[in-house]
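Given these sequences and hints, build the entire structure.
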Amino acid sequence: VGNVSDTSDEALLLAARRDADAFAAFYRRHARPLAGFLVRRTRDPEAAADLLAETFAAALTGLDRFDPARGDGAAWLYGIAHHQLARWQRRGAVERRARRRLHMERLELSDTDLRAVEACDDATVALEGLPPDQRAAIHARVVQEQDYAAIAAASGSTEPAVRQRVSRGLAALRARLTREEQA
Amino acid sequence: MNVFDRLEAQLADAHPHRSRRALPRPAPRTVVAFAAALAAVVVVAFAALAGDSTTEHAGPAAPAPAVDRAETTVAVLNSARTPGLARDAATALQRFGWKIGTVTNGPDQSLTTSCVDFVPGHSQAASTIARQLRIRNVLPVTKDLQVVAGPDADVVVVLGRDQIARGYAPPPAPAVELTFRAVHGSHGSGTARLELRGTRLTVVVRLRGLSDRAIHAVRLRGAPGVALFGLVAAGSAQHGEPHTFTTNIPANLKPYDTLEVVRARHGRPDGVVLTARVPSSVLG
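So the sequence lines, in the order shown, correspond to chains R and H.
Numbering (this note's numbering) for the first sequence: -11 to 171.
Numbering (this note's numbering) for the second sequence: 430 to 713.
By construction, these hints were calculated from the structure, which means they are not laboratory data.
Please note that a few of the clues may not be correct.
To be verified - Covered stretches of chain R (chain H as the covering partner; in silico rule of three or more C-beta atoms under 8 Å from a C-beta of chain H):
| id | stretch |
| --- | --- |
| 1 | 16 to 23 |
| 2 | 34 to 46 |
| 3 | 83 to 95 |
What the hints assert, rightly or not - Residues on chain H that point at chain R, a partial pick, calculated with CB under 10 Å:
| id | residue |
| --- | --- |
| 4 | PHE433 |
| 5 | ARG435 |
| 6 | ALA441 |
| 7 | PRO671 |
Every value quoted in this text rests on a predicted model; they were computed, and no experiment measured them.
Beta carbons are placed, not taken as given, at the ideal position from N, Cα and C, and that holds for glycine.
What follows is the structure, given as structure tokens:
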């Protein structure tokens, strides 16, 4: 997969059909932000953890159906999550179909686990899915109010490059938050 | 392993083309054997070494596995013949978030130099504890200590005479509740609850009536500049839902005196909207 943090979600999902490591990288990028989204929606960390597991299991069984021409990788994942959420709301129980197909046991959850899931309801977690350079640029510019020249000098980069990282990072955040709103 | 690691392991197992495990692994045995062979004073640098090796095996995108303090059981043994020493150290460690196991007398009653012993896989936790108690020696655990510490212990702190005069950190300051006031020309309101435990500062903010288009940054401001707590997403700064930020802060919080909420729009800070004074009582 090469340098994973530079690899797009779409490339990871395509590679993940044959490569378990690519799927793991996609999982690590999105698990906590998605858990935060599910906690906000359910207000129930146990249901959120269950939905998270079923969503990723469904993503794993459905990798062949992912088509980058029809939308980006994160939107696809959140689409599955929305579907699972809707079923949970209708039936009062979390779907287990994908996990059954994969012979995945239901995870036993300790209080610490539940707290860890609950802690994902934190906007800083939303930044986790961004590439590190964008995350650093957003911290420096938006939170610390450093000017572009100073950030560029400190990170050994150019001003236009830093501007681009900040605006791309914020755009990605906005896109994700919009997806979360459209339940 | 936390719930996210366990789910990752399940998914890795279920993948039709699983090649190698994408699991964070415990510290490699070779490093432990090396330390055991050295069998003398091993300094904190050792733990750093173990930490590096662990990351190397954890796959390209995995961060160094974080130590889960609430899941790490620490036994505290008093080998200094000073009543109450182990109890005080245990209380201090509890404040740092560790799970406390057996607290009792150690097999040796005239130890001069304290040390922190770890069960394989817990060297990082041991080096963190050593730093917190200002103990220099970090060693793999021996059988006799493990017997006294009990089967659940992951880390064993053995207190010697050098810890008698140490004194442990004061009890944590009570949580402080603050109310934000809107900066002139802005609207919105909110509250914040600040709690300092050891070097961890937890801030819970509840914001109401802020723009749902903008991303808001919550930060501390003071003489040394600003410290980050985190961002509150667009759309979630309107209804008073709690947002929790936890951060490691320098031991002295004093230079920071204002908690601010800043609006960020179109990729640039768009001004402070809410502020609250941080009283010195939060400093403990």
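- request: Would you pick out the hints that fail for this structure and give their numbers low to high?
  value: When the structure is compared with the hints, none of them turns out to be violated.
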